[in-house]
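Can you build the whole structure from these sequences, using the hints too?
Number of protein chains: 2
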Amino acid sequence: MAISNIRYGEGVTKEIGMDLQNLGAKRVCLMTDKNLSQLPPVNAVLNSLAKYGINFQMYDNVRVEPTDQSFLDAITFAKKGEFDAYVAVGGGSVMDTCKAANLYSSSPMSDFLDYVNAPIGKGKPVTVPLKPLIAVPTTAGTGSETTGVAIFDFKELKVKTGIASRAIKPTLGIIDPLHTLSMPERIVANSGFDVLCHALESYTALPYNMRSPCPSNPINRPAYQGSNPISDVWALHALRIVAKYLKRAIRNPEDREARANMHLASAFAGIGFGNAGVHLCHGMSYPISGLVKTYKPKDYNVDHSLVPHGLSVVLTSPAVFAFTAQMHPERHLEAAEILGADIRTARIKDAGFILADTLRKFLFDLNVDDGLAAIGYSKADIPALVKGTLPQERVTKLSPRPQTEEDLSALFEASMKLY
Amino acid sequence: MAISNIRYGEGVTKEIGMDLQNLGAKRVCLMTDKNLSQLPPVNAVLNSLAKYGINFQMYDNVRVEPTDQSFLDAITFAKKGEFDAYVAVGGGSVMDTCKAANLYSSSPMSDFLDYVNAPIGKGKPVTVPLKPLIAVPTTAGTGSETTGVAIFDFKELKVKTGIASRAIKPTLGIIDPLHTLSMPERIVANSGFDVLCHALESYTALPYNMRSPCPSNPINRPAYQGSNPISDVWALHALRIVAKYLKRAIRNPEDREARANMHLASAFAGIGFGNAGVHLCHGMSYPISGLVKTYKPKDYNVDHSLVPHGLSVVLTSPAVFAFTAQMHPERHLEAAEILGADIRTARIKDAGFILADTLRKFLFDLNVDDGLAAIGYSKADIPALVKGTLPQERVTKLSPRPQTEEDLSALFEASMKLY
Ligand SMILES: NC(=O)c1ccc[n+]([C@@H]2O[C@H](COP(=O)([O-])OP(=O)(O)OC[C@H]3O[C@@H](n4cnc5c(N)ncnc54)[C@H](O)[C@@H]3O)[C@@H](O)[C@H]2O)c1
Ligand SMILES: NC(=O)c1ccc[n+]([C@@H]2O[C@H](COP(=O)([O-])OP(=O)(O)OC[C@H]3O[C@@H](n4cnc5c(N)ncnc54)[C@H](O)[C@@H]3O)[C@@H](O)[C@H]2O)c1
Ligand SMILES: [Fe+2]
Ligand SMILES: [Fe+2]
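Protein sequence lines, in the order shown, are assigned to chains S and C. Numbering of the first sequence is given in my numbering, commencing with residue 387 and proceeding in unit increments. Numbering of the second sequence is given in my numbering, commencing with residue 387 and proceeding in unit increments.
Don't read these hints as lab results, they were simulated from the structure. Keep in mind that the hints are not guaranteed to be accurate.
Capping the alpha-carbon separation at 25 Å, the derived lysine to aspartate or glutamate pairs in DMTMM-like fashion look like this [claimed, not checked]:
{"hint": "1", "chain 1": "S", "residue 1": "Lys630", "chain 2": "C", "residue 2": "Glu720"}
{"hint": "2", "chain 1": "C", "residue 1": "Lys510", "chain 2": "C", "residue 2": "Asp500"}
{"hint": "3", "chain 1": "C", "residue 1": "Lys684", "chain 2": "C", "residue 2": "Asp446"}
{"hint": "4", "chain 1": "S", "residue 1": "Lys630", "chain 2": "C", "residue 2": "Glu716"}
{"hint": "5", "chain 1": "S", "residue 1": "Lys630", "chain 2": "C", "residue 2": "Glu723"}
{"hint": "6", "chain 1": "C", "residue 1": "Lys633", "chain 2": "S", "residue 2": "Asp618"}
{"hint": "7", "chain 1": "S", "residue 1": "Lys633", "chain 2": "C", "residue 2": "Asp618"}
{"hint": "8", "chain 1": "C", "residue 1": "Lys765", "chain 2": "C", "residue 2": "Glu791"}
If you only want the chain S side, here are some residues facing chain C, beta carbon under 10 Å, derived [what the hints assert, rightly or not]:
{"hint": "9", "residue": "Ile392"}
{"hint": "10", "residue": "Arg393"}
{"hint": "11", "residue": "Leu650"}
{"hint": "12", "residue": "Ala653"}
Every residue, glycine too, gets a C-beta built ideally from N, C-alpha and C.
See the structure below:
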């Protein structure tokens, strides 16, 4: 299991110019999105680049919830720039786009599908050397600063997929909790739900020693290895922080302690799921995002419709954990307890029900949209949602309980309305 | 903070030949000690090397508790062999020797003192590229498979010191709990005490944001950064495992669950202290080992006198934590509780006393020698022990409470007898 380099602390962003000097970088690509380019996190980076005289070009055309096309635009920019280092300042959308730009500009002869996860792409292993990439997360959500994963919406297929390789993991993640202070309420909430699901899914994922096939050569093993004693430490720790701080972080933008803790929890959960993997909430979320109709979430300063990633994973979580609990009921019950359920008189066979109920209350308290129906889906969409989940076997096969198409249908149906 | 690659599982050692093939290794150096060369862990590695047709040379001349001379012998072997990869199979003595052999054979013009920690050596930063090193720990103690540290006994000065650089951190640690089954009782105990102290010291070390000087350029920051929210996770988790499993692991060689858990705890605590650092128990342990007279510990199949590292750190632990507690009493109390103390009616100002008492009981239950007197020291040795501690400022300055020479004297004196 490989774990990333991270640096944590209020204000540590100011050192980024020095880090780039230490790397000997002569042409730096700074990536961000249009909204962030006007906000304090990007400012802090620009100040440090200026102070240390770093030569850079800025790309602020990252699409929130990136697509194959928006990845390609960034890749074109990267190829032209011939950069020797990358800096990504933003949420998962920016960090993932920057990973893809670094990868394909370092492997200019590759076809875009070469590195995209099979069966959608070819899933080729990355053997070219990449440039250093410093990731500066500004949401408290994806943990992308610690993972070798880049996710995008494949427009043609109307489904999200990604690239997964240790090679695209950032060289350094700079976790500066000051950056979380500018996040509006719903961005804190939705990115926080992503942390919640990363922790819950990696803790309940199929155990590493039950995964099959397990390629005999270690080099061929996937990044996602199933739950294991090391990822468990991170998942549980992240879950405890979510339980303690997420509500506070959402409700009070001045609550530095809560926002800083969520920022760290995001990296912790990233380290956990980056090794163990996620399963059904994520697998089912990709068509939920990909098939979006007209939903425009509050607080997102963008001009296209989208289902924020964290929302797309959390809406199915009550149904998913009610379904998976029979395989590891103790872990599901433990998670419910951490999230505040009183389990003193609980029966182990009710673990799934108890965790689902705890999650529903948690979401209700936080004014989350009432299920898939509230974001524009109806029963008629279920076949398409199921069809979009099937190619996500890279993650769905990590579910502790195998699922049929009927099971997936039932899970989507149960997620239409939560309260 | 950088964290290592580790692979965990019963029997995973059998893959090591494939790992070396994947690395393209053509001439491998296999290091171990004489005792281990006859035991199952080395056998398992040899079988895998044979199966994958790996060309290697074996060096089994590692000294248990290495010295500058024993490091130099291994370095000479490594320089002659012109190896392209290293495999270390053993405890900290083997892994540390192998790190040094890899470092100096990759930097053949360097003087031995160049990389040794200042003020004893020159503490130069490592800028040469090293060969891959795969570490296979066979004790559950040092966590050296996860750290950039190599410790040796500097005979001339009669004091232990070391080399500390991220560059010497193993490329991969293979944690195969089967290897712990051949450990005799006292080796389990002493290496387990090392885990205990790594966890306690890194959890109570000076917080990262109170350390000074804090070099403004990240590249110049020491490996040991002070306690921080990430190392805390590892330290606490390791401490909980020690509390639950160390006694079982010592008493019953068949208790696989306990021995496997201690093997993982050793790596967890290593990741924790490898980033946060250790402080007084370790700083004071170096002269305790270095000045050894005639002590020959039970169960160590070696022909020279030595104080096993884990024993040398744990004997001062009651005195040390009674001394440091006033700086972070809550953390000391929390540690005592994890180790089994009933703190429901405890007063916070008694935290040091309570932790010290808990440690003394723990050691008494495990038949640990009754203090420094029992391993051959008397009051008359205290000035020499203090003198040997003074150059260990790399670690002692991480103590949450600054110490004078008189304080150190008093700590050694209080550690002469424990029960
Ligand atoms: N690579 C991975 O490991 C991984 C894991 C989970 C999710 N993802 C992907 O990441 C993407 C989601 O990323 P996200 O949740 O971090 O959000 P995001 O990057 O999509 O950003 C969402 C919105 O928040 C704004 N924003 C970000 N930080 C801000 C700040 N500090 N202040 C004010 N506004 C801010 C952005 O400008 C944007 O409008 C999805 O595409 C998802 O699939 C990747
Ligand atoms: N590099 C680091 O981060 C770090 C940290 C702590 C300690 N250390 C150093 O490590 C050394 C101590 O290492 P250690 O405690 O692992 O012990 P060790 O390597 O000194 O070995 C102690 C004895 O145990 C035997 N042994 C080891 N594994 C065995 C097994 N599976 N079965 C039977 N016998 C076995 C060895 O042959 C030896 O006789 C000291 O020099 C100490 O200073 C290094
Ligand atoms: Fe996610
Ligand atoms: Fe140690």
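Now for the hints, and whether the structure bears them out:
1. S:Lys630 / C:Glu720: Holds: lysine 630 of chain S and glutamate 720 of chain C sit about 19 Å apart, inside 25 Å.
2. C:Lys510 / C:Asp500: Holds. Lysine 510 of chain C to aspartate 500 of chain C sits at ~6 Å (cutoff 25 Å).
3. C:Lys684 / C:Asp446: 22 Å, holds
4. S:Lys630 / C:Glu716: 19 Å, holds
5. S:Lys630 / C:Glu723: Measuring from Cα to Cα gives roughly 22 Å; hence the hint holds.
6. C:Lys633 / S:Asp618: Cα-Cα ~24 Å, so holds.
7. S:Lys633 / C:Asp618: 24 Å, holds
8. C:Lys765 / C:Glu791: 15 Å, holds
9. Ile392: Given a least distance of 6 Å, the restraint on isoleucine 392 of chain S holds.
10. Arg393: Because about 7 Å separates arginine 393 of chain S from the closest Cβ in chain C, which is inside the 10 Å limit, the hint holds.
11. Leu650: 6 Å, holds
12. Ala653: 8 Å, holds
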